[in-house]
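Chemist: Residue-level listing of the chains:
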Amino acid sequence: MNNKSIEFSNLSISVDELPDFKDAKLEPIAKKYQILLWLNLVLLSLFFAGLISGLYYFIEDFPRIILKIAAIVFSLIIVFSAIEIGKGFPKRKFGIRELDIIFQKGFFFFKETVIPFKRIQHVEIKQGPVLRLLNLYSLKLYTAGASTGDLVISGLHLNVAEKLKAKVLQVTEDEDE
Amino acid sequence: MSNIDFSVLQRQSFNGIFLIFFADIAKQFKRFFYAIFAPFLSENFRNNYQEYLIAGIIVLVIIQFVFSYLSYLKYQFQIHKSAFIVQKGVIKRSVVEIPFHRIQNINIQQNILQQIFGVVGFQIETAGESASEIKIKALDSATANALKEALLDEVKEVVHSDETISSIEDSSPQNSSLQEDLTQEKEASTLLHLSFGRLLKVGLSSNYLKGFGLLALFIGGIGNFVNDVLSNFIEVDFEEDLVHRVPETLSFLALVVFIFTMLAFLLTVSLQVIKYFNLKVIRIKDNFEVSYGLLKRINQVIKKNKTQVVSFEYNPILRLFGINNVFVSQASASEITEKQKIGLVGITSLQFEEFFEAIFDLPFQQKFAKTQTSFRYMIVLFWKQIVIWVGFGIAGYFFINPIAGFVFAFLGLIGFTFLNYKIVSKSHVGLNEHLLKIGSGSINTKSEFVALYKIQSVQLKRSIFQRINGHADLIIYTASGSQSIPYINYNEAVELFNFMLYKVESSKLGWI
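In order, the protein sequence lines correspond to chains A and B.
Residue numbers for the first sequence follow full-length UniProt numbering, so the first one is 1 and each next one is one higher.
Residue numbers for the second sequence follow full-length UniProt numbering, so the first one is 1 and each next one is one higher.
Hints were generated in silico from the structure; no laboratory data involved.
For glycine and all other residues, C-beta sits at the position ideal for the given N, C-alpha and C.
Do not take every clue at face value.
Stated by the list, open to error - One side of the interface only, derived from the structure: several residues of chain A facing chain B at Cβ under 10 Å: (1) L141; (2) T148; (3) L151; (4) S154; (5) L158.
Claimed, not checked - Within a straight-line C-alpha distance of at most 30 Å, the following computed DSS-like cross-link-like pairs (lysine-lysine) qualify: (6) K339/B / K111/A; (7) K22/A / K27/B; (8) K118/A / K341/B; (9) K167/A / K341/B; (10) K87/A / K105/A; (11) K118/A / K370/B; (12) K32/A / K461/B; (13) K384/B / K105/A; (14) K87/A / K508/B; (15) K461/B / K91/A; (16) K92/B / K167/A; (17) K367/B / K140/A; (18) K140/A / K370/B; (19) K148/B / K296/B.
Said to hold, decoys possible - Quick list of simulated restraints, FRET-style, between CB atoms: (20) R31/B / I83/A: 32 to 40 Å; (21) L9/B / Y57/A: 44 to 52 Å; (22) D361/B / F109/A: 53 to 61 Å; (23) H434/B / A49/A: 54 to 62 Å; (24) I83/A / Y421/B: 29 to 37 Å.
The following block holds chain A by itself, in its conformation from the complex:
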């Protein structure tokens, strides 16, 4: 990292000495979770295909041009979603540092989020119906205030989710003492 980029001249610590979140060791989520993502996409495409062909064959008055445009738009959406899943899945990773938790995902938009443990209000391990079939769980971390800051890590094995939860709670409690 180049030093000249920012001058924190009035700060008491040097920026270079700060721990870099890039150095954290990250782990991928369970591979099985990919099945759910693909399943969602297949269902979505079936729904679109059904809707458009239904309109095409059963409602003769429906303007054909709208259907054609819709078909093109929907297939583009599906193609891009497929790329997002295929390329983006390997990027879904989480990691734990001493004081915070890191989660990253996304291909078209790669997002790296870090929440310090002491800002986590509440932790929840959840399991939807499809996740239940796959025997996977998702971990939801609530921060204070607006829900936009909340973080959901989906597709974890139960033991991993529980370990993460325990770690988060333990650090939060240490802070409180």
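Using the hints provided, position chain B relative to the given structure of chain A.
Modeler: Quick look at chain B alone, frame taken from chain A:
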């Protein structure tokens, strides 16, 4: 002062039924406005199905009344042990429990509808940790005051006992500040009392585009309708007629544009004047009590520890008048909208200095290490806006002539490029030991200040293109929502990111 026993379940004032009913009706009306009135625009529908629709609406209104009555019956509250409890919901029952130590503030308000029914609204503000903010819509004012007294008594007690137990433990800040509120009213001083003249200046310098937008929506909505109705009564074919009288039409058009502009102008100014009428900001220690409004008088409190983001804004006209607008976002259970921010409009720079120092406990003069948004961001904005000015061009091409189309598109491109240049050159982030300053704006200039220890989480976002050209968007989450700084150099973004995390994690201060 009263003999109401709040330890048993209480209902709202009986008049509340009607208030709830009217409020619900208004809400439904707003929600379904277009669904209900769109059919009326079609002549065919008016002739054949009008009765059914009206009958349908009547049935819905009756159902709504029954529902409102039930929700009145099912809405009950009480003081139980050391908490205020509300039970509500007709189909989905829910119980909200607010422990006394979480109560930050109690507001009693009265809007026009409430004035008509002779009731007041009762609001309990909490720290915003979860959806535990409570609004009782209709209480008679004696009950409301009694309830406020009762709650404040209880809160005081809790705070006192807390103090004695945990006096060594550096008594938690929210309790002590509440205590200050309860006991000390004497140190109050007026920070800002907006005179009508200055309020008018604020109105004059507001964003007219909003007024235009509102008016356009309104006129667009009724325009169709008027055209439809008129052509029923008068035998004119509008389009035919317009072509034959081009000169007259042009002067008519100019008149319409003029009237439209004036209306938008008046609408914008009067909306602002009504909203911020008689704005008063009173300082009590480091908290500020704000009251404003002509039709609906609103009282709000800016709590020092609940404050998340302070936004300082001005535009060329405000600059000319020597005033600024300040908007404060407080911790909230849901993402704060522009409307929910507390506005201290028409504030002078000197008054803002006092406000800033009280809220942040820091001298106003702060040095920031500045990181600028890259000019590459102009390319992103260009692609986002291309539809708009190409649309202008196409409209000109088809409705007037090819040259007009070209001119429109070109003017659009020039205008947007100028705006984008302004946007990018104003977009930056400043950081120092205690504060984060986010600069943005286009014609206007906006600086948002966040204390570093209030940050909840941080995010770096990079699109495919940003990964190739080495840039990133930085997004900061606080308890009132998110702030984002677009397109900064990736290495600098990572440094900012690490530094902010370090400050949050090493800070001993809680976010509230």
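Chemist: For a C-alpha distance cap of 30 Å, please report whether K87/A and K105/A respect it.
Modeler: holds (10 Å)
Chemist: If you check the beta carbons of I83/A and Y421/B, does the distance land in 29 to 37 Å?
Modeler: Since the Cβ atoms of I83/A and Y421/B sit about 34 Å apart, the hinted range of 29 to 37 Å holds.
Chemist: Quick one, are K148/B and K296/B close enough, alpha carbons at most 30 Å?
Modeler: holds (21 Å)
Chemist: Given a hinted range of 53 to 61 Å, is it respected by the beta-carbon distance of D361/B and F109/A?
Modeler: violated (37 Å)
Chemist: Quickly compare the C-alpha distance for K339/B and K111/A to 30 Å and report which way the hint goes.
Modeler: holds (29 Å)
Chemist: Tell me if the interface restraint on S154/A is satisfied: Cβ within less than 10 Å of some Cβ in chain B.
Modeler: violated (17 Å)
Chemist: Would you mind confirming whether the straight-line C-alpha gap from K140/A to K370/B stays at or under 30 Å?
Modeler: violated (35 Å)
Chemist: Compare the distance between the alpha carbons of K87/A and K508/B with 30 Å, and conclude whether the hinted pair is satisfied.
Modeler: violated (41 Å)
Chemist: Can you confirm whether the C-alpha distance between K92/B and K167/A stays at or below 30 Å?
Modeler: Given that 30 Å is the threshold and the Cα spacing comes to 35 Å, the pair is violated.
Chemist: Is the hinted range of 32 to 40 Å satisfied by the C-beta distance from R31/B to I83/A?
Modeler: This hint holds: roughly 37 Å between Cβ atoms.
Chemist: Run the distance test for K118/A versus K341/B: straight-line Cα separation, threshold 30 Å.
Modeler: holds (27 Å)
Chemist: Is the interface hint satisfied for L141/A? The criterion is a beta-carbon contact with chain B at less than 10 Å.
Modeler: holds (9 Å)
The structure is inconsistent with the numbered hints 4, 5, 7, 9, 14, 16, 17, 18, 21 and 22, although it conforms to all the rest.
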